[in-house]
Amino acid sequence: MTVQELPGAAAYRPTPPPAWRPRTDPAPLLPDPEPYRVLGTGAELDRALMLKLYAELVRGRRFNAQATALTKQGRLAVYPSSTGQEACEVAAALALEERDWLFPSYRDTLAAVARGLDPVEALTLLRGDWHTGYDPRRHRIAPLCTPLATQLPHAVGLAHAARLKGDDVVALALVGDGGTSEGDFHEALNFAAVWRAPVVFLVQNNGFAISVPLAKQTAAPSLAHKAVGYGMPGRLVDGNDAPAVHQVLGEAVARARRGGGPTLIEAVTYRMEAHTNADDATRYRGSAEVDAWRDHDPIRLLEDELTARGLLDEDGIRAAAEAAETMAAALREQMNAEPSLTPMDLFAEVYAEQSGQLREQAAQLRAELEAEAR
Amino acid sequence: MTTATDNTTARRADKKPATMAQALQRAMRDAMAEDPTVHVLGEDVGTLGGVFRVTDGLAKEFGEDRCTDTPLAEAGILGTAVGMAMYGLRPVVEMQFDAFAYPAFEQLISHVSKMRNRTRGAMAMPIVVRVPYGGGIGGVEHHSDSSEAYYMATPGLKVVTPATVEDAYGLLREAIACDDPVVFLEPKRLYWSKSDWSPEAPAPVEPIGKAVVRRAGRSATLITYGPSVPVCLEAAEAAREEGWDLEVVDLRSLVPFDDETVCASVRRTGRAVVVHESSGFGGPGGEIAARVTERCFHHLEAPVLRVAGFDIPYPPPMLEKHHLPGVDRVLDAVARLQWEAGH
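Going down the list, the sequences are from chains A and B. Residue 17 is where the first sequence starts when you use the working numbering, and the numbers rise one by one after that. Residue 13 is where the second sequence starts when you use the working numbering, and the numbers rise one by one after that.
Some clues are possibly wrong.
[Claimed, not checked] Computed cross-link-like contacts, SDA-like style, restricted to lysine to any residue with a CA-CA straight-line distance of at most 20 angstroms:
#: 1; chain 1: A; residue 1: K181; chain 2: A; residue 2: A209
#: 2; chain 1: A; residue 1: K181; chain 2: B; residue 2: D47
#: 3; chain 1: A; residue 1: K181; chain 2: B; residue 2: A45
[Claimed, not checked] Estimated spans, in silico, between C-beta atoms of each pair:
#: 4; chain 1: A; residue 1: E369; chain 2: B; residue 2: E246; range: 32 to 38 angstroms
#: 5; chain 1: A; residue 1: L381; chain 2: B; residue 2: R230; range: 38 to 44 angstroms
#: 6; chain 1: A; residue 1: L357; chain 2: B; residue 2: T305; range: 31 to 37 angstroms
#: 7; chain 1: A; residue 1: A236; chain 2: B; residue 2: V152; range: 33 to 39 angstroms
Note that these hints are calculated values from the structure, not bench results. Remember, predicted model here, so these are calculated numbers, not experimental data. Ideal Cβ positions, reconstructed from N, Cα and C, are used throughout, including at glycine.
Just need the whole structure built from these sequences, with the hints factored in.
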């Protein structure tokens with residue numbers, strides 16, 4: 017077989033059908049080339065909101081440290097730390113109203129906690145005593161999702177259903193940079209845009225999907241640019257600038273709530289720890305890169321700015337640290353207690369009604385447990 | 013929304029005999045009329061009424077919000093259905109063809125089947141996944157798979173398949189009313205099978221999980237379901253000439269499995285053949301034969317045999333007749349049941 021010379025590009029140019037034109041001007045959907053920032057710009061800051069953000073950031077950082085320590089003691093099976101990403105987590109939770117829904121991934125424990133979920137309930141999956149430790153409907157937080165991006169179509173479906181019922185509920189779905197390569201990411205964004213579903217997609221671009229850097233994940237100009245192809249706006253924000261993330265998310269949530277449709281937000285941040293406690297990050301990145309991001313720490317950025325503006329003083333800093341310490345102590349104490357496991361629960365909620373097959377297997381396990389107890 | 017008068021007129025217009033496709037459509041329509049939380053979604057289900065016309069008229073009657081043409085994306089269809097169920101709706105999704113359902117497998121297996129269990133019962137998934145399945149209609153590649161073994165191997169799913177027009181209506185109503193996810197396998201070569209069934213005088217329908225004896229017999233039991241039920245009934249008639257009085261058990265529900273009805277039949281007859289058109293190796297027949305053997309060993313006069321599709325990718329349409337278990341292959345298996353210990 018001979019390799020044929022390809023004809024010139026002009027020969028391939030398709031003739032557009034008579035009335036063809038783009039249905040939407042893509043320009044307004046494009047993200048700004050630089051991530052949006054608030055800190056350091058002199059923008060006005062709402063003191064109450066800033067102090068709330070600050071307190072949650074400090075509490076989140078302490079939570080991450082405590083949870084990581086618990087893995088070393090064998091109290092947690094695994095913990096994917098969000099240290100360095102706290103601004104995204106906190107802003108995500110605080111951008112929502114109580115009636116809204118959060119769809120977190122496995123790394124988003126902090127967002128769930130910042131939304132008011134009990135820390136022990138939030139850690140159930142990672143502790144390993146059950147898969148989900150809370151009633152998703154009561155807290156309006158979907159189960160922490162381990163398969164990548166599969167929670168995104170759930171967010172779309174829920175938001176769509178809420179709108180069909182006439183409820184002004186918004187769904188916020190969190191995903192990582194690696195998750196944007198999955199088919200479910202594409203399908204969810206496409207459904208959301210076609211249905212104009214009230215959903216906000218927040219990509220926490222923390223630089224790595226376990227060990228694979230963004231450059232090997234995508235060739236897009238930015239992950240926010242992907243929005244344009246679906247017909248929704250893309251927004252790029254500094255993920256370590258808590259007020260900026262909160263503002264961009266707030267605008268997207270408000271837009272979705274008033275029927276304006278979905279938004280894709282990329283928050284540029286960095287995972288300071290390894291993927292999980294079981295991962296060795298030194299195999300795929302150098303300490304210089306990590307140190308450079310340390311200078312862009314979300315807590316320090318906010319603390320410095322609030323202090324410089326006189327919105328936060330030493331007493332405020334101490335109070336936030338003490339509150340975080342109290343939370344950590346309580347968490348430690350609760351996690352050090354042995355979880356109460358009930359093996360017969362294995363068969364309890366597979367189906368609404370237990371089948372004969374499961375009844376037989378339950379009887380087998382019961383007999384085994386009784387034999388053990390003897 | 014129809015009024016009572018409209019309904020009566022519509023019912024009178026339902027001239028007998030009805031096809032299985034019409035019965036399925038009627039089941040969705042009645043469920044949607046009774047329960048505003050029932051939503052139908054899928055590719056082509058709206059304006060077109062489905063490629064098999066099973067959703068014909070639903071969008072017109074209930075609006076596009078209740079019967080929705082989605083983008084062409086099976087994971088998206090089922091994934092959004094999960095979110096809709098989370099918010100209290102009862103989605104009925106159509107997968108159009110058996111092999112088109114595979115992109116939705118992750119949603120089905122990781123979320124639909126497990127959500128009740130993950131959330132300790134706080135969040136059920138009352139979703140029906142309608143999958144037209146099986147061959148015999150001359151479909152080209154990717155249009156004739158029998159994927160029931162994959163679904164059966166996933167805890168948390170119910171897997172049902174009707175073989176009669178009556179059952180198509182009754183089972184789909186049951187599936188939509190069920191608080192657990194149901195994979196509803198529609199034998200597409202029976203879509204145009206007819207019966208005198210009418211929704212005005214519905215035949216009594218056994219609930220999900222109950223098998224039914226379609227033909228009583230004394231000398232052996234044919235255990236089958238879906239598209240193979242008519243094959244087995246025909247084989248049973250043909251076997252009379254050979255002096256075999258065959259009982260035909262229509263499983264209707266693969267999960268949960270009705271051990272009671274199946275084993276009662278096998279204990280009566282002492283011999284059993286499992287018949288299905290999906291591949292035999294790793295297929296439903298192996299599970300069924302093992303269950304029957306474990307429970308009825310002392311009643312068996314012969315090993316439990318399997319008549320299944322070959323262990324090959326579904327063949328091209330011009331060769332499918334050699335793959336699908338037909339009457340002769342069933343009769344051959346029945347002849348082999350004259351096995352006696354020591355032979």
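Taking the hints in turn, this is what the structure says about them:
| no. | hint | in the structure |
| --- | --- | --- |
| 1 | K181/A x A209/A | holds (19 angstroms) |
| 2 | K181/A x D47/B | holds (14 angstroms) |
| 3 | K181/A x A45/B | holds (17 angstroms) |
| 4 | E369/A x E246/B: 32 to 38 angstroms | holds (35 angstroms) |
| 5 | L381/A x R230/B: 38 to 44 angstroms | holds (39 angstroms) |
| 6 | L357/A x T305/B: 31 to 37 angstroms | holds (35 angstroms) |
| 7 | A236/A x V152/B: 33 to 39 angstroms | holds (36 angstroms) |
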